[in-house]
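A.B. asks: Read off the chains here:
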Amino acid sequence: MKIVVAGKGGVGKTTVSGTISRALARAGHDVLALDADTNPMLGVSLGVGPEETDLLVAVRQGLETGETEHERSTEGFVERFGRDAPDGVRLVVASRIEQANPGCMCCGVSPEGLLNELESEGKIIVGDLEAGIGTVMRLQEGQADIVLVVAQPTAKSLNIARRAVEMTDDRGGRVIVIANRVRDDEDLAVIREAVGECEMVVVPDDAAIARADREGLAAIDVDENSPGVKALVALADRLAAMAVPA
Amino acid sequence: MTTRPAGGMRLAVVGKGGVGKSVVAATLARTLARRGHRVLALDSDTLPGLSISLGAQVPDDVPLNAAAERNEKGRWRLIKGVGPVRAVQRYATDAPDGVRLLQIGKHDRRGLEPNRASHNAFYQLIHRLDDAPSLEDWVILGDLPAGPRQMAFDWAPYAQQFLLVVEPTWQSMLTARRITRITTAMREDAQLSLVVNKVAADGDADRVQEFLGVPLIATVPADESVRRAERAGVALLDLAPDAPAVRAIERLADELDVRNMDRI
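Protein chains in written order, with the numbering used here: chain F, -7 to 238; chain S, 86 to 349.
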C-alpha cells in the first residue's frame, strides 16, 4: 500500500509521516518511509536525529557535485539514499535534484514517479510530500492508495487542505484529513467547515509532540501514550487494516 | 506633515514553512509604512499567505499576468514599457496602511500554468529593481516561500538583508542552516539576521542563535493573539494591535531604522 502525506509547510506532515511509519513498523509491517520534500526532515521525526538527517541529505546533494554516483536500479536507490531507522523502518531521501540525469533512478524520476516505480507488494510506503499542493496535483492514479491531508486550524493551511482534498476527490482517490493541533471545539469547527464532509482524524494539540519538535526526537519516543501520538497510532492501525485484504 | 524616513531598505524574509514568515513580513511592512516609509511588499509564494497576513483584499484575477508575454521564440518577456516603476503603479495592489503588494498567481486545481505570465514577469521585475532610481527610497520587502528552494534560484536578488525566521524546533533550525549556507554561497555581501519566533522558554533564542551562528535581530514571543489571527485569517495588527508579538516586531522595525540611519 502507498500512503502519501500532504499539506502546507509547518502543519505537521513530517510528524504524521514519521509517527505512522514507526507505528506501522511496530505492528509488524515492512515500512519504507520516502522523504519527497525538497527540504527533507523525515529523519528527525523518525528518530534518526537532526545531524544524521542532514548527513543523508548530503549524500543526496553529492549527486550534484559528483561525490555520489548515480543509481539506475530501484533497489540500489533504496540502498544508497536510505538508512535504517528505529523499529525497522527504511528511510529513503528522494528530494528533487535539479541537475536531473535522464533515465536515472535516483534523479531522473520525480518523487511522484518514484511512487510508481517502488514495489509496494507486501510493504507499506509512506511518502512525505513537499509542502503545498503541487505534488498532490501531479499525483497520478496508482501512485497513492491513500492521501493524508494534514491541516491545522489556520486559514492558510485550510486553504491548501481544501484544495488538496478537492484535487484528490477529482481523481477519485481516497483522502483522509488529519485535523492537527486541535485545542478546542472552535478549532475543530473551522477545519470541518473548510474541508466539508470528508473522512477526518483529529490529533489534539500535544505537549509531547511539541517537545519532540524542540528536541529533535521522534514523538513516539517521547511519549507513546500522549493524546496526539495515540491518535496517530490509532490512525496507523486503521491504515494497516486497509492494507490487508479481509 | 510628517517627515518621510530617509533611505530605502531591501529585505527578504526566509525560513521553514509555518515558522511565521508571513506574519513577521506583513506586520513589519505595515509598521514601517505607518512610520512613513513607502513600502513595496513582494509575494513570490505560489501559496496564499502574505496577503492574508497583511489584511489585503486580493482581486480574483492576477494583475501581473498582464505584464509579460511570449516572444516569437516562446520566451517570456515583459511587455513594452513595463519596468519596475510602472509595475508597481499598474500591477501592485493596495494593502492597509499604504503598503503596495505585488504578487504572483497562486497554485490552483489547474496548476501554475494559467499564471505562468505573472511568475515570469515577477522574476524579471525583481531582477531589475536596481534600475529604478525612484524606488531607491522605498522599503522593498519580500516574503519568500518556505525552505531553501527559491533562494537557490535567485528569487531575492534585490535583498541586502535577509531576515531568517526560526522557531525553536530542530526542523526549523536545520532548514535555517540550509538556507544560510545557500545564501552565503550565492551572495557574499548578504547580511543575514536572525528573528527567533514563537519563543516560549528562557534560552530558546540563545539556543537557536548558537546553533546557527547568525546575529540575532529580534525575538518574538509565542503569542495567543497570533494563533487567533491565523485561525480567523486576518492581520495580526487588525486583530490585536497591542499584542506582545506586534510589540516585538515594532522593535524589529526600530532596529532596522537605526541600522538604516547608520548606513546613510
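Any given hint could be a false lead.
Facing chain F, from chain S, some residues (calculated, C-beta under 7 Å) [stated by the list, open to error]:
hint, residue
1, Gly102
2, Pro133
3, Ile137
4, Gly140
5, Gln142
6, Pro144
7, Asp145
8, Arg316
Simulated coverage check for chain F against chain S, where a stretch passes if three residues somewhere in it have a Cβ under 8 Å from a Cβ of chain S [claimed, not checked]:
hint, segment
9, -5 to 5
10, 38 to 47
11, 106 to 120
12, 182 to 193
13, 213 to 220
Now the stretches of chain F that chain S is said to cover, found in silico as 3 or more residues with beta-carbon under 8 Å [said to hold, decoys possible]:
hint, segment
14, 59 to 65
15, 124 to 133
Worth flagging that the hints you see were computed from the coordinates, not collected in a lab. Don't be surprised by glycine CBs; every beta carbon is placed ideally from N, CA and C.
A.B. asks: State for each hint whether it applies.
C.D. replies: Quick rundown of the hints versus the structure:
Using the Cβ-Cβ criterion of 7 Å, the hint placing Gly102(S) at the interface with chain F is satisfied: the shortest such distance is roughly 1 Å. Hint status for Pro133(S): holds, given a least beta-carbon distance of 6 Å to chain F, under 7 Å. For Ile137(S), the interface hint holds, the least distance from its beta-carbon to any beta-carbon of chain F being 6 Å, beneath 7 Å. With a cut of 7 Å, the hint placing Gly140(S) at the interface with chain F is violated, because the nearest CB-to-CB distance is about 12 Å.
Proximity of Gln142(S) to chain F is violated relative to the hint, the smallest CB-CB distance being about 15 Å (cut-off 7 Å). Hint status for Pro144(S) relative to chain F: violated, with the closest Cβ pair at about 16 Å, above 7 Å. Among the interface hints, the one on Asp145(S) is violated; its C-beta lies about 14 Å from the nearest C-beta in chain F, farther than the 7 Å criterion. Hint status for Arg316(S) relative to chain F: holds, with the closest Cβ pair at about 5 Å, below 7 Å.
Figure legend: the segment -5 to 5 of chain F, annotated as covered by chain S; annotation consistent (4 residues with Cβ-Cβ distances under 8 Å, at least 3 required). Remark: the segment 38 to 47 of chain F is confirmed as covered by chain S, as 3 of its residues place a Cβ nearer than 8 Å to a Cβ of that chain, reaching the required three. For the segment 106 to 120 of chain F, the proposed coverage by chain S is not satisfied: 0 residues have a C-beta within less than 8 Å of a C-beta in that chain, short of the threshold of three. Given a C-beta distance limit of less than 8 Å, the hint that chain S covers the segment 182 to 193 of chain F is violated, as 1 residues qualify and 3 are needed.
Interface restraint, the segment 213 to 220 of chain F with chain S: violated (0 residues with C-beta to C-beta distance below 8 Å; minimum three). Coverage of the segment 59 to 65 of chain F by chain S is violated in this model, with 0 residues showing a Cβ closer than 8 Å to a Cβ of that chain against a need of three. Given as covered by chain S, the segment 124 to 133 of chain F passes the check, having 4 residues with a CB less than 8 Å from a CB of that chain where 3 are the minimum.
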